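Residue numbers (this note's numbering), protein chains in the order written: chain X, 1 to 119; chain L, 1001 to 1892.
In case anyone wonders, no lab produced these hints; they're calculated from the structure.
Predicted model only: the values in this text are computed from it and were never measured.
Don't take every hint at face value.
Here are the simulated DSSO-like cross-link-like pairs (lysine-lysine), alpha carbons at most 27 Å apart as the crow flies [said to hold, decoys possible]: (1) X:Lys19 <-> L:Lys1023; (2) L:Lys1076 <-> X:Lys75; (3) X:Lys19 <-> X:Lys75; (4) L:Lys1253 <-> X:Lys19; (5) X:Lys94 <-> X:Lys105; (6) X:Lys75 <-> L:Lys1023; (7) X:Lys75 <-> L:Lys1071; (8) L:Lys1309 <-> L:Lys1253.
Pair ranges (Cβ atoms, derived) [claimed, not checked]: (9) L:Asp1084 <-> X:Ala42: 19 to 27 Å; (10) L:Val1089 <-> X:Ala71: 43 to 51 Å; (11) X:Arg91 <-> L:Asp1099: 20 to 28 Å; (12) L:Ser1271 <-> X:Arg91: 57 to 65 Å.
Where is the CB? At the ideal position from N, CA and C, for every residue including glycine.
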Amino acid sequence: MDTAKLEFLRGTLDVLILKALIWGPLHGYAITNLIRRQSDEALFVEEGTLYPALWRLENKGLLEAEWGLSANNRKAKFYRLTPEGRRQLRREVKAWEAYATAVAKVIGATQPPLPEEIG
Amino acid sequence: MKPIPLWRRYSRLFGADPAADVKDELRFHLEAKIDDLVSQGWRPEAARQEAGRQFGDLRTVQEIGVSIGEKMERRKRLKDYWSDSLQDVRYAFRTLGRDAGFAAVSIVILALAIGANIAVFSVVNTLLLRPLPFPDSHQLVWIAPPPTACGLSCATYSADAYEEFRAQSRAYQDVTGYEAFTTPDNLRLTGLGEPEPATGVEVIGNFFQVLGVQPAMGRLFAPDEVRGGPQVALLSNAYWRRQFNADPAIVGKAIELNGAPVTVVGVLPASFDFGAVFSPGAKVDLFTPLDLDRERNWGNIVTLLGRLKPGVTVAHALDDANRVAPNMYFNVKYPESLGRYKGDLIPVPLKDYVIGKLRRSLIALWSAVGAILLIAGVNLSNLLLARAATRAKEFAVRGALGASRGRTVRQLLTESLVLSGAGAALGLGLAFIVIAWLAHQRSLALPLLSALRIDSQALGWTVLIAVFTTVLFGLVPGLRIAGGNLQEVLKDSGRGAGLGRRHERVRAVLVVSEVALACALLVSAGLLLRSFLKVLDVDLGFQPDRAASIKVEYDDSAPSDHASAAKRAAIFHQILDRVSALPGVEAAGMADYLPLGPNRNWDTPVPQGKTFAPGELPDPLVYVITPGFIRAMGIRLHGRDFTWADVPHSEKVVLINASAARVYWPGEDAVGKVLMRGEEADLVVGVVDDIHEETVEGPVGSQIYYPVTQQGPNGAQLVIRTSLPPATLAASVLHALREINPKQPAAEFRPIQTIVDRAYSPRRFFMLLVAAFAGLGLLLAALGIYGVISYSVSQKTQEIGVRMALGASAGRVQREVILNTLRLAVAGIVLGTTASVVSARLIASLLFATSPWDVTTYAGMVLSLVAVALISGYIPAQRASCIDPMAALRSQ
């Protein structure tokens, strides 16, 4: 994985995790799988960054954790969104969309901006 | 996600473990990955390696996880603790509110004890613990000879001695001093309407620099002002505010003192209170530089104090002084005065000089309030226990519902914290009132009182006391309850018999210790009270009641000593005639110094025709008086008083006191004998009783009286003896003085009794405080006894009922309850007598003419305690004898 991709991931990992959990409680491994599959194998979350991010979010009170059994009856730690986490997700999605729109406008521009009016 | 079945929940049986959680979580991740890889066709071994490779640095991630996990765990615990505590506090308020009487009594008890402790701590802190209010005050030393019977003149030094000492000493940064013979109202502020009395002290020019006092306005004295330069003065802050309405432009203005202009060069800061440090209870209005050249021939006039060089100890300074002393002259004009101060220059830390004998009193006082706190705490413990006993069921139910032992103790501790917190808050309020009142007690001759305040240290002390009482006295009942057997309590449907008995024993122990502490307090207070009464009984040598004094201004300036004496005699004679004629005045006279104030001595008279070894003869204190003074003061006289016919050219006459007569002519009548002062012969015309000149309690030395008509007095204090209350004469006496001398200021008309009261005041102060504490202790002990007995009566209602049904008489039941009470009291008294012996030893040095084993005091203590015990046992006994057997038996 190249560095450009890594930087990109770090900035948005939190919002991806929050979004992944909107469908219900998941354990860490399931979260990586969900993000990978949902992005059509484009985004790959590294374990070394995923878990610290999960713990940080839990510590901030955006997630809450509970031990449960996985599909093959192993004990695993499941994360779920707290109401605060849900609010945070909404905020971040909005910010992210505004950011993406702005970037898209610049990148997709076909002509230079009009000269600024001298007020 | 499926919930974990019960049998797999064993892993966190011993509490949370963040490290294991992280490990488990990461292990699950790896295993899931391996499973996936294997299902994609990897060999298990290769899959394991691939999963590890993909994960990367497992250890670092684990460390991050553990640290975050621990943080969360800590926060969670804290949150739980807080919410539990809040719950406890809410619950405590609810239960205490339900039992308002109990809460009020405990809070008042605690408030009294804590308030007393804070107030006394503030006093102790100001006087004992805090350094003096000067920068680097540990460097300041007071230099004086060992105490002797010849008063202030033997505690001071001559101008020459000061200069030699300052020049030759190597231990000091600088040495300074002040004129020690200042009397209150020694100056007149003139030029502003009626002359106003003022008190000024002459200080050596570098006085404030040595103390490290910076002026609030203006400047200190400059070197050229010190030696006969322009007349300048520094004002004390209080005087500047009072007399000059805090005039911001006062510096540089001229004021008139005794009719001469004096320039104000500065105002001292409010934090500097000369009287508070050097002369307790006195107010000093202004300071002028002392002209040493003018004073050179006046003998011992200055006190010495110095600032040690950094690192020099008092012991070094003493060695240094012993080295310098042999080279010092009393007066350089007289070579034979070389070495007169040998052994007479002993530096002591200024703080020790200021606090001196008070140290022990303060420590005794501190111990007394400590005892009060203990008694109050024991009382609280007792009350809590009684309550806890009635709440045993409540706690048993809580325990059965899963409250842990620790949780129950915490609940009880919270309750006592709420109580002692409220007590501390109320006590702090009380202490504020007491301290504010004390700080303004000018009539109390204690040093540094004006610096008294409740500061952060005192507040810290409050918190400390509150926590201490809470933990100590909340813990006993807490552990008692929590240690109880739940089933036993729950099963026991009636009033808990087993638990009750055990409680009773603990409570009995508490009450006995309470009584013992009260014993020690009572004995201490009793001993101090008896000492105080003994001091009041001391024969002062004069009659302070119905006498009053006022400082008189006069002008006896004349070209020669004889002319001046004649002029003075005429003025004094006129004043005394006029004042004696006032209605109600029985006798009037004047003296330059009054007893129990400043004093001085001149030289060493020798009885004519006798020889004494050097040092054997005393330096008597000198009083220069008018005819009539002896009668006005109520001093007993053998021989004759001075008369106006004793004039400069007639035979020189003196009066001496009985102590002096015993030294000069032991076993003989001194009247008619002659004392020689060098070439001058003085005929002793009378012998007067010893008067207490410095302290009421100290021994009396030799005294000698000269007539104003033959010797120069140092000012004049008019003393009148009257058949009316002295205060009623104030106006007419002042009016008479003004008629003769319009410049007479409105000086204070002081009953002599107030001078004596001031001398008593420290002892009275300590005695009253300890007595108040003893009274409080007694009251608390009574409460404690009452509590225990009345509780045990209510516990035994059934038993008593059965016995009465079986024929026991009411009288017998009553007798038994009272006997129980007495048993407690006697145990307390026996223990307390031992404690009293210890405390009596502690205060032995504070006693005056009273033995620490004073039988009357101990007997009084025993009697009062037994009486109090009987009273507090009688009420429950009365109740016990009124129990209706049928009602008691049916109550179950």
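Status of each hint after checking the structure:
Taking the CA atoms of X:Lys19 and L:Lys1023, the gap is near 26 Å; set against the 27 Å cutoff, the hint holds. For the suggested pair L:Lys1076 and X:Lys75, the alpha carbons sit about 23 Å apart, so the restraint of at most 27 Å is met. Proximity of X:Lys19 to X:Lys75 is assessed by CA-CA distance (about 24 Å); at most 27 Å being required, the pair is judged to hold. As the CA atoms of L:Lys1253 and X:Lys19 are separated by approximately 84 Å, the hinted pair breaks the 27 Å bound.
Taking the CA atoms of X:Lys94 and X:Lys105, the gap is near 17 Å; set against the 27 Å cutoff, the hint holds. With a C-alpha separation of about 12 Å, the suggested pair X:Lys75 and L:Lys1023 falls inside the 27 Å cut-off, and the hint holds. Proposed proximity of X:Lys75 and L:Lys1071 is supported: the alpha carbons are some 23 Å apart, at most 27 Å. A distance of roughly 37 Å separates the Cα atoms of L:Lys1309 and L:Lys1253; the hinted pair therefore is violated under the 27 Å criterion.
For the pair L:Asp1084 and X:Ala42, the beta carbons lie near 50 Å from each other, so the given range of 19 to 27 Å is not met. At roughly 48 Å, the beta-carbon separation of L:Val1089 and X:Ala71 lies within the given 43 to 51 Å, and the hint holds. In this structure the supplied range 20 to 28 Å is violated for X:Arg91 paired with L:Asp1099, their Cβ-Cβ distance being about 52 Å. Between L:Ser1271 and X:Arg91 the beta carbon distance is about 58 Å. The supplied range of 57 to 65 Å therefore holds.
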